[in-house]
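J.: Chains as they are written, first to last, in the numbering used here: chain L, 1 to 264; chain Y, 1001 to 1346; chain R, 2001 to 2290.
Careful: at least some of the hints might be erroneous.
[As the list claims (entries may be wrong)] Now the stretches of chain L that chain Y is said to cover, found in silico as 3 or more residues with beta-carbon under 8 Å:
hint, stretch
1, 8-22
2, 67-81
[To be verified] Pairs of lysine to any residue residues, derived as SDA-like cross-links and limited to a Cα-Cα distance of at most 25 Å, are as follows:
hint, chain 1, residue 1, chain 2, residue 2
3, Y, Lys1188, L, Ala116
4, L, Lys100, R, Lys2278
5, R, Lys2278, Y, Arg1116
6, Y, Lys1110, R, Lys2278
7, Y, Lys1110, R, Asp2093
Hints are computed from structural coordinates only; laboratory data are not their basis. Every residue, glycine too, gets a C-beta built ideally from N, C-alpha and C.
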Amino acid sequence: MNAETTSRQPILAIEHVAVHFGGLIAISDMNFHVGEGELVSLIGPNGAGKTTAFNVITGFLKPTKGRVTFRGTSLNGLKPHEVTSLGLVRTFQRTSVFDKITVFENVLIGLHRRTAASLFGTLMSLPKERNAEAALREQAWEILKLVGIDHQADELGGSLPYGDQRLLGVALALAADPSALLLDEPVSGMNASETARFVSLLNKLRAKGKTILLVEHDMPMVMGVSDRIVVLNYGRIIANGTPSEIQNDPEVIQAYLGQGVKHA
Amino acid sequence: MKRFLPYIAVAFFASVPLWLQDQYFLHTLVVSGIFMLAAMSLNLLLGYTGQLSLGHVAFFGIGAYVSALTSLGFSVSIFGFQITHEPWPPVVGVILGTLVAGICGYLIGKLAFRVRGAYFVIVSISFAEVVRLVALNWVELTNGPLALPGIPPLTIGFEWTGYATLWGKAQNYYVVLVAIIIAYVIIKRLVYSPFGRAMIALRENETLAMSVGISVTKYLVLAAIFAGAMAGTAGGLYAHYIQIIDPMVFMFLNTVTMVIMVITGGKGTLAGPLVGGLIFGLAPVVLRSYVGPELQWILYGLLMILIVFVLPDGIVPAIERWFGRSSGNADDQRPLTLETSKAPQS
Amino acid sequence: MDQLLQHLVNTLIMGGTYALLGIGLTLIFGIMKIVNFTHGELYAFGAYMMYFFAVILGMDFFLSIAFAIVAGMVLGAAIEFTLLRTKRGADIDTTMILMIGAWIVLQNAEQLTWGGIAKSVPSPLPTEPLVIGPISISYLRAMVLLIALMLIAGTYLVINRTKLGKAMRATFQDSGTAALMGVNISAIYTMTFALGSALAAAAGALLGPVFVIAPTMGDLASLKAFAIVILGGLGNITGAAIGGFILAFSEEIGAGYISSGYRDAMGFLIIIIVLLFKPTGLFARSERIG
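Assemble the whole structure, with the sequences as input and the hints as a guide.
T.: Here it is in structure tokens:
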């Protein structure tokens, strides 16, 4: 296995993390870092433990062993909303948006962390709270424009085309004001032009200095956008390096050939 | 038009005692109004956070007993200590009832929201039953099944204005009307704020809500505090209006009445519990000349079943959808949504 | 000590019927994911049917029990057929509200049919109690326990030894896969609800002659059944059987040593305590999250 190949300041560290479900070992001993402003992809065959890793990092699942730290703070034992409040925000593969709520309100909900409203002020409808609400609406528009779905603001989340739902999922995460984003298969099910749109969004986010950890099956896209790739197989990291290193790693090729090459 | 509807409704209901001659009907309106208030509070939990609380009558009953005991005075011994309380004015009782019910909402929320779905429903019922059994068995405090009679009616005023005692139905009617308006404004401001959005987010998708930083416990408990306190106010008003309460106030059927009001009118809508409350509050008046109480309850039960099959969202969303369709306004076709991005800021 | 022994015997007798009640409810929840608020009404219905067959029609006591159970089964199947069949896949709140509606209808229909005055069914067995050393048991109660245990054993056999039981277990594990394997899910649901209802009616038919029969007797039965089921873990049949005895024991102890007024509070306290410390019930295995 390659040594840590980032020269940047590591902000997210996964150290000796193991997850067991009864007798089943989902992750055996996972170690990797993500540097400030870096885009790291986590890849591997289905069932390799990628989503489990996300669940551990974001507090949805307690690891059996090991620890996760973000900007020096241990995330062990934190609830998901507490992890989010540190600026580490994720998206989901399946439940990515609030279906029965408009796109605009979806983003307003996402902005929860940025609200300055106090309960008392809200009940009294004080000017401070009304201004805060107006400011939130401004921010919601900015995020919708950044992601490129502002023209669908009044549609219901669940009625958007699939690709746009994924974008809305990212908008929701962005609304939560992340310094690091965890994206779980954001382009799965997208067509080529939607994927291209998504890649340009990723580049915009990188330009804003966001750190990104990506789980994805779309190999051309992963190879194109990643600074570094971590490869998981059977709950174990089998490779960690730049896209070109990964492409030539015999163990990675073996793992993917053994499963049948899907996207590569 | 829709914007002025609440004002028109208030003006109409404010005028009722001026022209309504039938005192029994007015009495029904007062009691319905009190139950509407309770239903509005339940709607906060059931409609906005999506937690089906079937123990809501506990808060109502706690408010009623606290308010009654505060204004009647009591003397009990707890672990050998004799605690005696001299009567305080009924208004103080209602306020204390509201506070105690709100605190109970906090405690129960903290405990019960560890579980969801069927478990939560059953815990909430159990809580109400425990409270009922305490009211029944702590005879020294509550008089048990013999009831607490002679609860004084509300008095309003200050030392320098003199006090007015609200014996009449019309006076109580206005008190309840004002309470409903205040509750409506509080609930409206709450649900249209980031607080309410967090509650709705939890209702729609708890996992996703957590991922954007919404604390599940905090917002569910917050809803439980408000819901508990408002139900407590309703209970206090009930005690001072009816002037006698017994443990029957904790009857599960009272919770069911509130639930029927909310789901018939439309859960998660501001007007839903009011519309549902009016229908089920006044239904007995209409029905009682035709059918006995059992048949009346059977009709309620059938109506509840019918609503699930025919209007699963309730009456208010159905009306909104109908008007939305006829006027071709797409925005109104969404009962679950809060507002559109283009809505004017208030 | 003697008093404790008597309490234990009483526990055993009440526990048998409680277990019946709990198994019926947990079966319906486990397989259909429905919180059945009509369960207590089926219990009351069983008791009234007992009264109908044994007192009004003057039929044999034991035959009346059998008939009451069958009547409960038929009513259960009818409820499932009219209300739940078209609402398959609806969320738990929707079916819960349906069941609350059905419960109100059933209870008031009972009140309308039989009136508010409590009914009693005379026991054909000797009324003087059987005294063994320090404890005394009425013949009727001993017989109630015996029949309850037979019915519990019968339910176990149905679930573990028959083809129907196999299909029920498969549906319980994973209804989607069971359907793919050729199990008629709709029929299984109807039979599950009918079986659960029959058990509730059996509990009512057995306890009806022990106590008195009143229209509101179903309310407490429902709530106790919930307590039992929570105690054992929702959907856990063995848990419900044990839960029935635990509830009976704590009620007996609560009434005997604290205050008889709080007998009925024990179940709710149990619910609250269990959910605080072990929300999945006392006998649940930890589940995989994810």
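J.: Would you mind marking each hint as holding or not holding in the structure?
T.: Hints, verified against the model:
| no. | hint | result |
| --- | --- | --- |
| 1 | 8-22 | violated (count 0) |
| 2 | 67-81 | holds (count 3) |
| 3 | Y:Lys1188 with L:Ala116 | 19 Å, holds |
| 4 | L:Lys100 with R:Lys2278 | 34 Å, violated |
| 5 | R:Lys2278 with Y:Arg1116 | 14 Å, holds |
| 6 | Y:Lys1110 with R:Lys2278 | 16 Å, holds |
| 7 | Y:Lys1110 with R:Asp2093 | 22 Å, holds |
The structure does not agree with the numbered hints 1, 4 stated previously, though it agrees with the rest.
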